[in-house]
Amino acid sequence: MSEQIVVTVRLFASLRAAVGADRLSLSLPDGTPVGAVWAHLPGTALPGDPPAGLRYALNHEWTLPGAPLHQGDEVALVLPVSGG
Amino acid sequence: MILLTAESLDLVALVAAVFNSEHGGTATFVGTTRREAEQREVVAIAYEAYEELARAELARIAEEAQARFGAAIAIAHRTGRVDVGHPSVMVAASAPHRAAAFSACRFGIDELKVRVPLWKQMIYIDGAEEWVDGRDRPA
Numbered sequence: 417m418s419e420q421i422v423v424t425v426r427l428f429a430s431l432r433a434a435v436g437a438d439r440l441s442l443s444l445p446d447g448t449p450v451g452a453v454w455a456h457l458p459g460t461a462l463p464g465d466p467p468a469g470l471r472y473a474l475n476h477e478w479t480l481p482g483a484p485l486h487q488g489d490e491v492a493l494v495l496p497v498s499g500g
Numbered sequence: 017m018i019l020l021t022a023e024s025l026d027l028v029a030l031v032a033a034v035f036n037s038e039h040g041g042t043a044t045f046v047g048t049t050r051r052e053a054e055q056r057e058v059v060a061i062a063y064e065a066y067e068e069l070a071r072a073e074l075a076r077i078a079e080e081a082q083a084r085f086g087a088a089i090a091i092a093h094r095t096g097r098v099d100v101g102h103p104s105v106m107v108a109a110s111a112p113h114r115a116a117a118f119s120a121c122r123f124g125i126d127e128l129k130v131r132v133p134l135w136k137q138m139i140y141i142d143g144a145e146e147w148v149d150g151r152d153r154p155a
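Quick mapping for you: the protein sequence lines, in order, are chains A and B.
Its first residue numbered 417, the first sequence is counted upward by one per residue in this note's numbering.
Its first residue numbered 17, the second sequence is counted upward by one per residue in this note's numbering.
Read the hints as simulated data drawn from the structure, not as lab findings.
Treat the hints with care, since some could be wrong.
To be verified - Across the chosen pairs, the derived CB separations fall in these ranges:
| hint | chain 1 | residue 1 | chain 2 | residue 2 | range |
| --- | --- | --- | --- | --- | --- |
| 1 | B | G40 | A | H456 | 53 to 59 Å |
| 2 | B | E57 | A | H476 | 33 to 39 Å |
| 3 | B | A53 | A | L480 | 29 to 35 Å |
| 4 | B | E38 | A | A437 | 48 to 54 Å |
| 5 | A | P445 | B | R51 | 27 to 33 Å |
| 6 | A | L480 | B | N36 | 36 to 42 Å |
| 7 | A | G447 | B | G40 | 54 to 60 Å |
| 8 | A | G436 | B | E23 | 24 to 30 Å |
Said to hold, decoys possible - Derived SDA-like pairs: lysine to any residue, alpha-carbon spacing no greater than 20 Å straight-line:
| hint | chain 1 | residue 1 | chain 2 | residue 2 |
| --- | --- | --- | --- | --- |
| 9 | B | K129 | A | S443 |
| 10 | B | K129 | A | R471 |
| 11 | B | K129 | B | T21 |
| 12 | B | K129 | B | H113 |
| 13 | B | K129 | B | G41 |
| 14 | B | K129 | B | A22 |
| 15 | B | K129 | B | R84 |
| 16 | B | K129 | B | M17 |
| 17 | B | K129 | A | G500 |
| 18 | B | K129 | B | R151 |
| 19 | B | K129 | A | H476 |
| 20 | B | K129 | A | G469 |
| 21 | B | K129 | A | S441 |
| 22 | B | K129 | B | V46 |
| 23 | B | K129 | A | L470 |
| 24 | B | K129 | A | E477 |
| 25 | B | K129 | B | G150 |
| 26 | B | K129 | B | E67 |
| 27 | B | K129 | B | E54 |
| 28 | B | K129 | B | E38 |
| 29 | B | K129 | B | H39 |
| 30 | B | K129 | A | A452 |
| 31 | B | K129 | A | W478 |
Quick caveat: nothing in here was measured; it's all calculated off a predicted structure.
Beta carbons are placed, not taken as given, at the ideal position from N, Cα and C, and that holds for glycine.
Using the sequences and the hints, build the whole thing.
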């Protein structure tokens, strides 16, 4: 059985509003892929699969859904952007 | 110069930031909150940033503008509430000649809109609020 780790999840825009927090701590097995974080978000406001176009950042840099998480990592769920 | 701020934007400061006596042209773009969106009346847009990555991505855009166009570029974007008619984003680009300055300025705003983790929340005159972040489009 994998060692448990604690990671921080950053949330923005409608995700932040739906969860009711801009950051969460999650306890997950070491090596959990970034793309699996969605399924661990709390609340009933986020049913089903991740939205189309969701991207991920790991420790403030872009990453891919398969990247493994380790103790103390910070992962951000980045919805399609709309600045400008 | 890369700036994410909850304060009013200053175009003069942005132009000064790209001043170079070897550059003969400076182009600027100012984006403002428009009163109408999809036939609804808007009173303001609220912007939220993933600040760490937004700053890094804006800095990369500036480096790319330098490499592609030989331009110096400065970009400033608001966070928080921006009322109708007020600027939410400014880009200034200077280059030896005007064509490269225009190209770099356009590159800056176009890349910002697709790459930089910033989101807008529309605030309508009827009090409704709506995030523009793709969550209404299922996978």
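Original post:
So which of the earlier hints does this model not fit?
Top reply: Hints 5, 9, 12, 13, 21, 28, 29, 30 not satisfied by this model.
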